[in-house]
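Colleague: The hints should help you fit chain B onto chain A, whose structure is shown.
There are 2 protein chains.
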Amino acid sequence: VCSQAQVLYDFAAEPGNNELTVREGETITITNKGIGGGWIEAQNSRGEVGLVPEDYIEVSQKELIMKRASNGNDPWSAWNADPSGGTSNNWASNPEGTQTGKSAADPWGNVSQGHPQAYQGPAAEDDEWDDEWDDMKSSAVYTESGEAGGIQRGGMHASSMKISLNKFPGFSKSGPELYLLCKQIAKGKDKLSIYVGEVGPVWSYPETQIDCIVADPKKGSKMYGLKSYIEYQITPNTTNRPVNHRYKHFDWLYERLLDKFGSAIPIPSLPDKQVTGRFEEEFIKMRMERLQGWMSRMCRHPVISGSDVFQLFLTYKDEKDWKMGKRKAEKDETVGVMIFTTIEPEAADLDPSEVEQKCEQFSKFTKAMDDSVKEILTVGNEHWKRCTGPLPKEYQRIGKALQNLSTVFTSSGYQGESALTDALTAAGKTYEEIAQLVAEQPRKDLHFLMETNNEYKGLLGCFPDTIGVHKAAIDKVKEGDKLVAANKITTPDKVAMSKRLSTMSYTLQAEMNHFHSNRIYDYNRVMQQYLEEQVKFYETIAAKLKQAHGQFTTM
Amino acid sequence: VCSQAQVLYDFAAEPGNNELTVREGETITITNKGIGGGWIEAQNSRGEVGLVPEDYIEVSQKELIMKRASNGNDPWSAWNADPSGGTSNNWASNPEGTQTGKSAADPWGNVSQGHPQAYQGPAAEDDEWDDEWDDMKSSAVYTESGEAGGIQRGGMHASSMKISLNKFPGFSKSGPELYLLCKQIAKGKDKLSIYVGEVGPVWSYPETQIDCIVADPKKGSKMYGLKSYIEYQITPNTTNRPVNHRYKHFDWLYERLLDKFGSAIPIPSLPDKQVTGRFEEEFIKMRMERLQGWMSRMCRHPVISGSDVFQLFLTYKDEKDWKMGKRKAEKDETVGVMIFTTIEPEAADLDPSEVEQKCEQFSKFTKAMDDSVKEILTVGNEHWKRCTGPLPKEYQRIGKALQNLSTVFTSSGYQGESALTDALTAAGKTYEEIAQLVAEQPRKDLHFLMETNNEYKGLLGCFPDTIGVHKAAIDKVKEGDKLVAANKITTPDKVAMSKRLSTMSYTLQAEMNHFHSNRIYDYNRVMQQYLEEQVKFYETIAAKLKQAHGQFTTM
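Residue numbers (my numbering), protein chains in the order written: chain A, 1 to 555; chain B, 1 to 555.
For reference, chain A alone in the conformation it holds in the complex:
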């Protein structure tokens, strides 16, 4: 059965790999969808046949199933007309650097690439996952430049978490009123406390903070080596017993956390998916570093780190334990705004006007910080490019020019030349060394400053949605009197709504205070590290130049 497909993103074939170069918007004919490993075989209009990543073309799993069932002709044409781009768009992994993916403006007006980690409905069964991109066997070469790519790859335009409110199972119809008006009360053991501390409302923090180490990425394979993947070892400090997870398991965890806590707690995206170069050492190292950062941030959060699903991920005993835990987590009904039913602030109810004012303040602050963080990323990225590109080239040219002069001087035939020429050569070599120092430095300092800001960019991108839920609740509570008058709710309902809004506000405040305290810690740490490395850098150069200076004869 051959069917047509639209190409979503440009794809450049790797020579000698049976791949087919396709362009965004091109229509291709699928000649074999049973290739596996994330690839399909397709034919272009010129009759050329080759492999194309499944994610790069508009293929809907659902449509494929329908297609299999109906055997009808060309269901794609109708499907392609879907103005939203169809559900398969969510699955389309957008490779970094191509910039050809469909873009969407985030809630703060920043155009971002499609968000591959957005909520995608209930997870498929394990067996079905095998065809996902993460298992894809690929020998594609990692094409980005080693230096700058470190930053540009992935997170530089990591998009914000987009909670499409009506995708929350318990939120599909009525927004926050589902919680504001619900009768259901969570069982005692799941209660999440909020205290009023020195800085205001704060979560209840565990006595010992969980942390974990993500390490030892190993290439695994199954189906007799036909499918391969990377598995990471995660060792929590609580059990000190390592568990193994593939990226898709992290992705599953992310989806569960977003589903369960996303209305109250910003859940930052995972590092981006990537189709090409997944097995390249450089990429694996970077992904591991970012998964480590993501896991550490999750561990630091008292609510997330204490949740069953997170504990399952960190401490499952065996395959059976993991599968059972997974199913249980997927059946959890305290998701979406219902998470607020589990929260118990140990403080007096807040006045709605105070709630609104706090909300406004957080909204302003997170927007301002988002702008500021993006400014740092922009400036940092430019600086990165300069430090790894033109600047070392210039120092190299200075070094070469001095050495050339030395060579010319050596040819003078004049006596007593060597003291100067030796010193000139040494000075030239010093500038070549400086060139290398300059080029390598960003990895030692700017990298971490960029990664931290990139993490914060991702985190801040989640706030508009979290704050959006809050604002919707404020609006609903404001309508209270009108709803009572219209007999839509009772007066006790109205009182309960106000009380629940207060709970939501305490939650938001606790979350903001958690954010602030982490932020202060993180920026203090990364700035210290940055400046320390910068000092070392300039001191090293000064020492090298001092040595070069010493080679010239004093006159």
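Be careful, since some hints might not be right.
In this list, chains with the same sequence are indistinguishable; a pair is considered to hold if it fits within one copy or across any two.
Claimed, not checked - No farther apart than 25 Å at their CA atoms in a straight line, the calculated lysine to aspartate or glutamate pairs in the DMTMM-like style are these: (1) K544 to D522; (2) K393 to E382; (3) K494 to E356; (4) K400 to E451; (5) K546 to E532; (6) K227 to E417; (7) K536 to E440; (8) K248 to E440; (9) K546 to E451; (10) K429 to E451; (11) K471 to D481; (12) K488 to D349; (13) K536 to E41; (14) K444 to E432; (15) K364 to E417; (16) K227 to E280; (17) K536 to E432; (18) K393 to E539; (19) K331 to E382; (20) K393 to E41; (21) K326 to E198; (22) K546 to E382; (23) K429 to D371; (24) K444 to E539.
Rather than coming from a laboratory, the hints here were simulated on the basis of the structure.
Modeller: Frame of chain A; chain B shown alone:
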């Protein structure tokens, strides 16, 4: 009497100064040539009337005189047809940065701007000088950017000294044979000795080396302030008595030295003439620095510093002494190749083949060094631009981004924020300070490296001509037998020619050794200075960053 003139270079009128903007190639009508101060009044085709610098238009003094005498109509048209551009081209000062002047390839293929300091025949009387550009009253603004202009202005494309051999009074017909075959022998007191020292033939150096200080530039004026100029104070270490000179006096000295010694000794050009901005502090400072460099180099040369004309320039007692000395110098007949008649090498005659081999070696070396020096100038110029342009801007942006983040953090409303925000602000300010350090640094180190290389570029540009005289002599001596056979010279003439070629070779060798010893000294000194300042620069930055680092709280 109105006559037409062609505009040689673009000239932009200074508003409110009665000036007229003209474009290269435009034809204007001279309405008043009696303005003085280097200006003429002219009318363009649109009927606009204003002042234009005399040097910018094709006006020949000779033609003017002819015109005055004949009162004929339009002698310009015929004169303008002169493909060489006419003699007045030598007088046309080519302002920096306009790039519109007629350019000529130098002997090494580098296209350079017209050379305003080229030999221009016997100097006019003092009174006639008053109309020269140096007296021009101008309030034109110095338009080049202050930073990079320091290097680009003037010497960056200083052209090489061009000795048009047939312009030497004593050389007009027959090249070096004038010396090779001359009967004349210089008087004993003018003898210039060459000894064979450790490094080979060397000039006889004076016991105490002359040096002088060029300082204290003062704006002078005459004709009741109608004409103004800059006068420099030159104090030689021999008399310690300052004398005053204007740029045009330096130019006169340069012409005399070129005339007298140019066949044997490379006489580097003076810093370029400049029409606009001559009274700007920045320009005056730069010109003074370069005049100082030029004078010091002349002082260091044993032949030049010992010459009557140079001594006159440094030590004239009064106006009368100066004028008498000038006239005497202008009447000096030991010029051009005749300088070799005064040279007495105290060594055995050299074989012509050895002479040729030495000549070849010097030619190769000076060419190679010229290339290398130009490479350093190119690289240095790019580095200068980066250090004064994009790089500090980037540091400034980093500084601003950190300070912005600090401002945002301050607005958080979270307690205990100030330790971080103070430190962030300090770090941001540090990067702004670094921006300034980076931008200012080239003036402290690269400037001197560039100036030295620029001086050497000028000096090396003189060698092809000096070596050219030498090669012509070698060729002439090779023809010796043929000339004897043709009865053009006698056998004793042939023997004398060979002996005199040996003298020329000793001169060239002494000159090269002088060059080498100066070169080693100069590059040693400038590299030491450069590296010393570079070390200070990097150490200062490291210290500043260390201080910024200390502001962050240790966790």
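Colleague: Within, between, both or neither: how does the pair K429, E451 come out at a Cα-Cα threshold of 25 Å?
Modeller: between (33 Å within a copy, 23 Å between copies)
Colleague: Cα distance capped at 25 Å. Does K536 pair with E440 within a copy, between copies, both, or neither?
Modeller: both (13 Å within a copy, 22 Å between copies)
Colleague: At most 25 Å between CA atoms: does that hold for K326 and E198 within a copy, between copies, both, or neither?
Modeller: neither (38 Å within a copy, 91 Å between copies)
Colleague: Under a CA distance limit of 25 Å, which applies to K393 and E41: within one copy, between copies, both, or neither?
Modeller: Neither: 44 Å inside a copy, 51 Å across copies.
Colleague: Reference check for the pair K393 and E539, CA-CA at most 25 Å: within, between, both, or neither?
Modeller: both (21 Å within a copy, 23 Å between copies)
Colleague: Is the C-alpha distance from K444 to E539 at most 25 Å within one copy, between copies, in both cases, or in neither?
Modeller: both (15 Å within a copy, 19 Å between copies)
Colleague: Using 25 Å as the alpha carbon limit, work out where K227 and E280 are close: within a copy, between copies, both or neither.
Modeller: within (16 Å within a copy, 75 Å between copies)
Colleague: At 25 Å max between alpha carbons, let me know whether K536 reaches E432 within a copy, between copies, both or neither.
Modeller: Classified as both; 18 Å inside a copy, 19 Å across copies.
Colleague: Under a CA distance limit of 25 Å, which applies to K331 and E382: within one copy, between copies, both, or neither?
Modeller: Neither: 46 Å inside a copy, 65 Å across copies.
Colleague: Checking an output row: K546 and E532, CA cutoff 25 Å. Within, between, both or neither?
Modeller: both (21 Å within a copy, 7 Å between copies)
Colleague: Is it within, between, both, or neither for K494 and E356, if the alpha carbons may be no more than 25 Å apart?
Modeller: within (17 Å within a copy, 110 Å between copies)
Colleague: What label fits K227 with E417 when the C-alpha limit is 25 Å: within, between, both, or neither?
Modeller: Answer is neither: 66 Å inside a copy and 51 Å across each miss the 25 Å cutoff.
When held up to the earlier numbered hints, the structure conflicts with 6, 8, 13, 19, 20 and 21 and fits the remainder.
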